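Visitor: Here is what each chain is made of, one letter per residue.
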Amino acid sequence: MNENFEPKIIGFLCNWCSYAGADLAGSSRISYPSNVRVIRVPCSGRVNPLFVLRCLIKGADGVLVSGCHINDCHYSEGNYHARRRFAVLKQLLDYLGIDSRRFQMSWVSAAEGDKWAKVVSGMVEEIKKAGPNKQFK
Amino acid sequence: MARTGVFVCWCGTNISATVDVEKVAEAAKNFQGVRFSTTYRYMCSDPGQNIIKQAIKEYRLDRIVVAACSPSLHEKTFRKCIEESGLNPYMLEIANIREQCSWVHKNREEATDKALQIIRLASAKVLRDFPLEKKFISVEKKALVIGGGISGIQAALDIAVAGYNVVIVEREPSIGGRMARFDKTFPTLDCAACILTPKMVAVSQNGKVVLHTYSEVESVQGYVGNFDVKIRKKARSVDLKKCTGCGQCYAKCPVKVPSEFDMGLGMRKAIYVQFPQAVPNVPVIDRENCRYFTQAGKCGVCRKICPFQAVDYDQQDEIIEEKFGMIIVATGFTQFDHSVYGEYGYGKFKNVITGLHFERMVNSSGPTGGKIICPSDGRDAKDVVFISCIGSRDEQKGMPYCSRLCCMYTAKHALLLKEHNPESQAYVFYIDIRAAGKNYEEFVKKVQDEYGAIYLRGRVSRIFEKGNKLIVRGADTLSGSQIEIEADLVVLATGLIAQADAPKVAQMLRIPYDKNNLFTEAHPKLAPVETITSGIFLTGACQSPKDIPDTVATASAASVKALGLLTQEKLVREPQIARVDAVLCSGCKLCVQACPFKAIEAEEIEDRARKQKRIVAKVLEGVCTGCGVCTACCRMSAIDLDNFANRQLMAEIEVV
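In order, the protein sequence lines correspond to chains A and B.
What the first sequence shows, in the UniProt record's numbering, is residues 1 to 137, in sequence order.
What the second sequence shows, in the UniProt record's numbering, is residues 1 to 656, in sequence order.
Warning: the hint list may mix true and false statements.
Unchecked claim - To list a few chain A residues with every Cβ distance to chain B over 12 Å, as calculated:
hint, residue
1, ALA87
2, LEU92
3, GLU125
4, LYS128
Unchecked claim - Derived BS3-like pairs: lysine-lysine, alpha-carbon spacing no greater than 27 Å straight-line:
hint, chain 1, residue 1, chain 2, residue 2
5, A, LYS90, B, LYS589
6, A, LYS118, B, LYS241
7, B, LYS106, A, LYS129
8, A, LYS58, B, LYS29
9, B, LYS515, A, LYS115
10, B, LYS106, A, LYS115
11, B, LYS230, B, LYS241
12, A, LYS118, B, LYS106
13, A, LYS134, A, LYS58
14, A, LYS115, B, LYS525
15, B, LYS106, A, LYS128
16, A, LYS58, A, LYS8
FYI, nobody ran anything at the bench for these hints, they're computed from the structure.
This structure is a prediction, so every number in the text was calculated from the model and none was measured.
Heads up, the beta-carbon is just placed ideally off N, CA and C, and yes, glycines get one too.
My request is simple: use the sequences and hints to build the entire structure.
Guide: Okay, structure coming up:
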């Protein structure tokens, strides 16, 4: 493992829960690694699995999709769609020979700033273990 | 060629302490399309906004990136700002470099680098931004209130007094709801009927209110401003217009059945009014028990005796279709079914009753005329044991939540017992006393000190019969002793739960409900009477257990929200909705199935190129909430979401 490797992670955050949770981490001044670049989406159900693949092809070391907890979706069922789609995608990544650790999902509510910080730290650790994504270079 | 302006905010030292704002602004000039960048101490202030306005003019900027705090705070501010300079308000992106950067990273170099990356993403997205127009929808100037209890009555009155039309749909034959069954109300001991019935009369006499009693909402279609509602007016068998409420019919009716309103403690006739102050004061025929219906045309006494020919055995259910602008849900609660607690012997022992039974018994217009008796033999109840938290705060057999009012109504019952039967003694088994309300704690204290109710902290383990007495065995955890009480009557303080058909109602209205079937508010603190479905509001105990003051407060709150819509000629809504490219759409209808809001319909169009008709998806603009679930399931990328379009998100991915 390269100690100096700082992974580049793309996070798709739903506007209502996870993005607000990340904001809360900020207003609570909870620090976490700076590796995640956030793309705001209305709902985790908005995230097309192709976006995730595109991120990996473009050289992202990890991709995170984060939404509201199950049952709490602002759009009542968008995160169910996301959960199913990405369960399939995760398996597809294995099948494609892409380290499936590079893709993760999390449920972070607007009240869980500390959880967001933990999710980011955990993911960075995990991707550091997985190493740089060189498959598409 | 795009001409982007990047404006980096210091936010005092909130951002500038960890992010080198000048360096970031300078580096942002190298991003594609950026023509101008600058920094300012407080970009949201008037001088800050003026810098943006001036730069738009001077550098002919056509799109803007503001690197500042979270878009949840000032996105609207800056949209308005650039709109005032003649730009479309949606040609704006916010780079969140405060909450998600300067506040969470301490290393200046690291934070500066990340801020620049965040601005890079926003600058890439803004290149793909396109002008959007605000949508306007019409508003039907009439509100629907589902449920005619105190909650629905109050909401309807508030709307009517403001001068707007409102319709109440109540499934029972009379409005009044649960409160109509109560005797006194805590902590002031006002008589429930004395404060409720004037409101019932006021609502029925208000020209702006239409009452549909003995009716149910059958279906709801449409969206805010334009709900299409079907109401089933069940056959009452009595003409509402002809009947004067003289009461001769039920005086003569030969069929007696237990009264639901009196919890089976008294009897009613097959043609009946629920209670003396019923509104409308028009009887209803219970066709399941009426001899005319059960014995094929026999009897018919009520029709013969009615001086106004109001009884109509041939009346049919009627379906009313009406349009409403908004809906207030006031469907209330029901009692917890305590039969799961076998140890309390409910159903087995006649003298174990619930709080609502007690309420009817103590009511002077109730089945016992206000006497508190033992249902088994009619003797006065002397030693009465009250057991609280029946079905509340019990994750195993009951509900995990506290029902909030049982402590208070039990205290009230203990007081009323002493007033009605001065020789009596009340014993209250409790877990905790929750008396959080104005004058509530004082009330409980009064019941203990002045009325001598004995409060025992602990649970009851068993109740059994001994002669005509009930032996209540329980623990007093404060003295650490076993207690046995010889009681005449045991009253169970059953908790409040959602109506049995609450999930059905929620699904019909497309509002969420929680694991306890209680309807979910849009935000637990800042939007407690709204739902995430715009135009649908909640009041009363259908949202969570509430006492009368809270119920009335939420009813008024919900009606203010409804009035906020009623006073608008047109509703403005965010243009972030799905859009279908009919040329690409293959008509697979996957999006129709995926949409949580039924906002996509299949539509037949004339395909001129192929000279044939074909099916494509069509977005109902008023219904779409802009979640984008449809976009991710479209195989043709034919459906896209304005403001979060595929090309906008892809642009961000490309530059990461």
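Visitor: Taking the hints in turn, state whether each one holds.
Guide: Outcome of the hint check:
no.: 1; hint: ALA87; in the structure: holds (14 Å)
no.: 2; hint: LEU92; in the structure: holds (15 Å)
no.: 3; hint: GLU125; in the structure: holds (17 Å)
no.: 4; hint: LYS128; in the structure: holds (16 Å)
no.: 5; hint: A/LYS90 <-> B/LYS589; in the structure: holds (26 Å)
no.: 6; hint: A/LYS118 <-> B/LYS241; in the structure: violated (67 Å)
no.: 7; hint: B/LYS106 <-> A/LYS129; in the structure: holds (24 Å)
no.: 8; hint: A/LYS58 <-> B/LYS29; in the structure: holds (24 Å)
no.: 9; hint: B/LYS515 <-> A/LYS115; in the structure: holds (23 Å)
no.: 10; hint: B/LYS106 <-> A/LYS115; in the structure: holds (19 Å)
no.: 11; hint: B/LYS230 <-> B/LYS241; in the structure: holds (22 Å)
no.: 12; hint: A/LYS118 <-> B/LYS106; in the structure: holds (17 Å)
no.: 13; hint: A/LYS134 <-> A/LYS58; in the structure: holds (10 Å)
no.: 14; hint: A/LYS115 <-> B/LYS525; in the structure: holds (21 Å)
no.: 15; hint: B/LYS106 <-> A/LYS128; in the structure: holds (21 Å)
no.: 16; hint: A/LYS58 <-> A/LYS8; in the structure: holds (11 Å)
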